[in-house]
Structure formats: structure tokens, C-alpha cells
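K.L.:
First residue of the sequence shown: 2, per this note's numbering; consecutive thereafter.
Please note that a few of the clues may not be correct.
Calculated cross-link-like contacts (lysine to aspartate or glutamate; reagent style DMTMM-like; alpha-carbon spacing at most 25 Å) [stated by the list, open to error]:
hint, residue 1, residue 2
1, K601, E507
2, K45, D29
3, K601, E456
4, K121, E153
Computed Cβ-Cβ distance ranges for the label pairs, DEER-style [as the list claims (entries may be wrong)]:
hint, residue 1, residue 2, range
5, F195, I27, 50 to 60 Å
6, G490, A100, 50 to 60 Å
7, D90, G359, 25 to 35 Å
8, A103, V294, 24 to 34 Å
9, L415, D361, 11 to 21 Å
Since the hints were made in silico from the structure, they are not lab data.
The structure presented is a predicted model; accordingly, all values stated were derived computationally and were not measured.
A virtual CB, placed ideally from N, CA and C, is assigned to each residue, including glycine.
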Amino acid sequence: MRTLSRGLGIVLCGLFLLGAVSTGRILDRMESSLRHPSDPESLKAARHALLSQAAGPVRGVFLLFASGAIALPPLLSWMGRRRVLTRSDPHADRLFLAAALAIGLGSTVFLNQAVFDGCKITPDERTYVNQARIFARGELWAQAPPVPEFFEEPYLVFHGERVFSIFQPGWSLLLVPGVLCGHEEWVPPVLGCFCLAVLFLLGRSLYGAPVAKGAVLVLLLSPSFLFHSATYYAHLAGLFWVTLSTWAFVVARKQARAWAYVACGASLGAAFLTRYFDLFFGLPFGLWLVWDVLSGKKRAVRNLALFVLPLFGALAVAVAYQWALTGDPFLSPHELYIERARYLYVLEGRTDPHRLYGFDSDYSLRMGLARMAFRWASLNLWLFPLALLALIPVVVRGNLWDRILLAGAICLSLIYVPYVPPGGWEYGPRYYFPAFGVVALLVARGLAMLFEKLESRPAGSSWALSALRGWLGVSALFNLALCVFMGFGLGLVVRGLRDGDRLLSERGIREGVVLLALQPGFYDHADQRIRARQQKLERDLPFYLIHNEADYGRPLLLAHSLGPEEDRRLLLHFPDRPFYLLRANPYAAALGLGRAELEKMATGLLISGSGADTESESP
């Protein structure tokens, strides 16, 4: 068996090395197979540029699998003999956790800097950090600019003289220390490490150190976790608070600690202040406590009160925050935003904020359940291949705690079924990301049950153990390969979106007003079948390029170019500032096929073109 495994590894290594050597030819043939006589030249150039730049990542993945084919069998055999994951030794467990935290921190900091250039790329991320900057100044809102329509950014509400975020304050409050230190990019990686540490504590409390270590590995090797911990989405905070609340509830039930009930309720309250729906993960906890009261158990009423009081406190904070922003405790920033914004995250025609949740002729229960099923199925990719199969032993033979944790994850997913806006995808099903820690723990628990079952059988089942270990090893390689390809694609996106900022930095422009417009022919290569989607991208893309950090008194402002006549109004409000017109083409910049164009604008009466006549530089 060992000889066969070694021989198979050598053959696979040779095949992957051949693939690495032949990467150029493989991509050339792929380009030839995709070529069509009717393709415009711009599409041919874009395809060639993309495949040319993909050669490095593809070759790297071939080499990764080639090295894995040789290194994995002895590594897995050594881990099996030494029982690295299955034995419990306090000193070894601490070393394992320290190594996992170091790898997690290093990996996510690397992704943040190497792939994302330390920047906030999506509108969600920028809005959360803008909100944190407002809080760091000791304010709840920023002062609105004189002509808000030029400075409109996604998810920022311009309400009278106020500018504020539509999001709940929880995640932004966690970002405030980083903003005050000038290094907010460290907050997500550090919080990701806290998630791993709390998950280890939770797993050890419920199932012992071996399962806890397995859960940490499952989460640490998840591309979804790594990329969320390198960016600024609030779902990472949701993961932390949900995992912390679960650990606190386990401590409360197993050790009868009053403080743990308070900690559980407070953590769920913090999750509520981060994203309202995250609270529903704790529904099984509340039902369990209510059942204790109905059953007449000792101190049941006290325990329920300790659990619920922090939740009411979080609700009071949410209402007070909303009231302070909008002037009405029953009017949410979401409602103001949807009624006025040009950049919408909802389906076309759904501008009524009261139609974002619920079912009607356009959005049925069947559609919502299909979304939920697809998102759950995608966990077989975002945790590791076929990960959900490991839940079968947990469902069939699990104990009460297994069912409570699984019920929490299901409650979180069910609450999103009536939620109408499409999307919810960013490095996996991000709406479910707060439950990833618990799901990873249940997957590790199922794998432990499966290993225990196989090891209790006669020696003839050794091939099954080897196959299971091999599958997990290949899954780890697959996750690393997925991270490589994701990093490559996202790196191109970042390069395209940052092109205008780089041009301004290269020209040394640190003061003035920069009007942004897309270069003509942004999607000249477009296929008519997908033209409608591309038109929406053309309409929405400028909103990805406007970022003023919710500070409209800063020296350099970015603004939308709304056309010659409209742009003249903005000139009148900033008569002492130089104006520039930046024509961007992030698509071309991402592929290295072009750059943004910058010109200085005339500040006189004549404004032509897409915003202005160019003004000759005076000596």
C-alpha cells in the first residue's frame, strides 16, 4: 500500500510539473479556442492580456500540487503516527494555537497589503471606515458639502447638513482604535486571530482539544475567512461576536456561571449592533432558557434575565443612534438612503424601503429558499471541497449541543430568506459568515466521529483512513490554490480601481477638486447579450472611485462630473481651488491596456467637453 501510494505520488508530481512547464502552451490553446472571427480587437486584446498575466498564478498552482504530491503522503503519515491532532497535550495545544494565530495574522496582513494594497475597495468597506473616522472625531455625523449630488458615495446618507452611514455602528466602533492610531488595516487581521482563539476555546469546552484544533484548521484554511480577515466587511465582527456568545453560553450552561449569561447576551447585543440579523443565531439559546423557566428549573428566571437585559441595552443603543441621526426613532438611515440615492443595492424598481423584506409576486418563498440552498451548498467550496458531508455524522448521531449549534446556523440563514436584495456574496456567502466558526466546529466534530469509527474497525479499514486523510490533504491544497487565483483576480481589480489615485499621486496633486468621469468606450468589447449588465456597471462604477473619507473640508476632493452645465455649479462653490478632470478606465488599467487621463480645467465661464476646456499651464 505504501509503495503504491509513493508511486502514485511520483506520477502525479510528474504530471503537475509537466503542466507547469507547459503553462504557456495551455493558455495559448485556450486563447485560440475562445477566439471568434467576429470578436472586436478590444476584446482580443483584453483576453490576451488577461491570459498572459494568468500564466504566473497558473504555473504556481501546478507547482503547488506537484510539491503536494510528494510532500503530503509522508506528512499525513507522520501526523497520523504522532497523533498531532488527535492527542491532547496542554503544552502542545498552546503551541498549536500560537502557530495558528501567527500563520493567520501573517497571511491576512500579506493579503491586505499584497492583494488589496492596504485599501478599502468596495463601497461597503469605505463606508464602514468613513463611519469609524466620524466616530474617531467624537461625532455621529459629518458636515455635508455644499452640493451633495457631486459627492454622493454608496451607503452614505446626505440628510440636510448631515452626512452619515446607513450601517449599524458596531463594526465601525471596533475600527476606531485603528483609525486613531493611523493603522486601521491591522484591525481585521487581529480580529480574525481573536476569532480563531475563541473558536478554540469553544471547541475545547464542548468536544476537547483535538476537535478544537481541527475546527481552527478548517477555519484558518478557508479562503472566505482569510479574505474577510484581510478586508473591512462587518461580517468578520459578526463571526467574532457570534462565536464569543456561543462560548459564553456553553460556559454558562456547563459551569453555571452568572457572568457568562451576561457575556452571552452582551455578545449577541454587539452582534445586533453590527448587523441586526446576526442576533437570530442566538434564538436557540433564548428558547432553551425559556424552556428552563417553563420547566421550573432553579434560577431559570435569573438566568433568562441576565441573558436578555444586555439585549435590551443593545436595542436602546440602536434606537438612540437612529434617533440622533434621522431625528425620528422610527426612521432608519436605510429608508432615507433608498428614497434618495442614485447607487442602489436593490432590484430594479424596488425603491420602496418597505419592500426590501418579505414575499410578493416578484420575490417568492421558493426563490428565497433556493437562494438559501445554493448558499449552503457553496460552503462545500468556501470551507473545503465536500465539507458538508462531514455534517452527516453530527446530524445522525450528534448530541444536544450539536443540534443547538446547528439550529443557530440554520436560524441565521432562515432570517435571510425573505431578504429581497440580491448578492450577499463576497469571498463566499457573507450573510452566513458569522456562523462559519460554528459550522467549522461541527465539520471538525463530524470528521472526528468518522475517524473514531474507522479506527475502531479491523485493520482492513486502513485504506479508508488513508483515503480520508488524503482527501483532507488535497482539500487543503485546493484551498491554497483557490486563494492564489482569488488573489490574482482581486489584484487586477484593485489595480484598475486604484489607477486614478496612482495618477494623482504621480502628478503630485494634493489640493483641489477632481471631477471623475469614465473614458469613452469603457465596454466597447461588449457582447450585446450582456450589454444591460455592463450598462449598469458603467452607471455604478464612478461610485467605486469617489472617496472623500466623510471629510469635505480636506485639501483634495473627488467629485462626480455631471456634465458641463452641472459642473459649473460646483466651480462656483469652490472658487479658490484648482479643478481637474480625471477620465478613468479601470477595466483597461486592470489589464495593463491603458491609463486614466488627467487634465486641468479652466475655472472661467467656459466649460466644455466632459467638464471643461483645458487650461494651459502658466510658466
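K.L.:
If I claimed the Cβ atoms of L415 and D361 lie 11 to 21 Å apart, would that claim hold in this structure?
P.N.:
holds (19 Å)
K.L.:
Take the C-alpha atoms of K45 and D29, compute the straight-line distance between them, and say whether it is at most 25 Å.
P.N.:
This hinted pair holds, its Cα atoms lying about 13 Å apart.
K.L.:
Between F195 and I27, is the Cβ distance one that fits in 50 to 60 Å?
P.N.:
Violated, since F195 and I27 (Cβ atoms, about 42 Å apart) do not stay within the stated range.
K.L.:
Taking the beta carbons of A103 and V294, is their distance inside 24 to 34 Å?
P.N.:
About 45 Å separates the Cβ atoms of A103 and V294, which means 24 to 34 Å is violated.
K.L.:
Please check whether D90 and G359 have a Cβ separation lying inside 25 to 35 Å.
P.N.:
violated (53 Å)
K.L.:
Run the distance test for K601 versus E507: straight-line Cα separation, threshold 25 Å.
P.N.:
Holds, at about 15 Å.
K.L.:
Holds or violated: the 50 to 60 Å window for the beta-carbon distance between G490 and A100?
P.N.:
violated (29 Å)
K.L.:
Is the hinted pair K121 and E153 satisfied, with a Cα-Cα distance of at most 25 Å?
P.N.:
holds (17 Å)
K.L.:
Has the given pair, K601 with E456, been kept, meaning a C-alpha gap of at most 25 Å?
P.N.:
Violated, at about 73 Å.
Checked against the numbered hints given earlier, this structure breaks hints 3, 5, 6, 7, 8; the rest are met.
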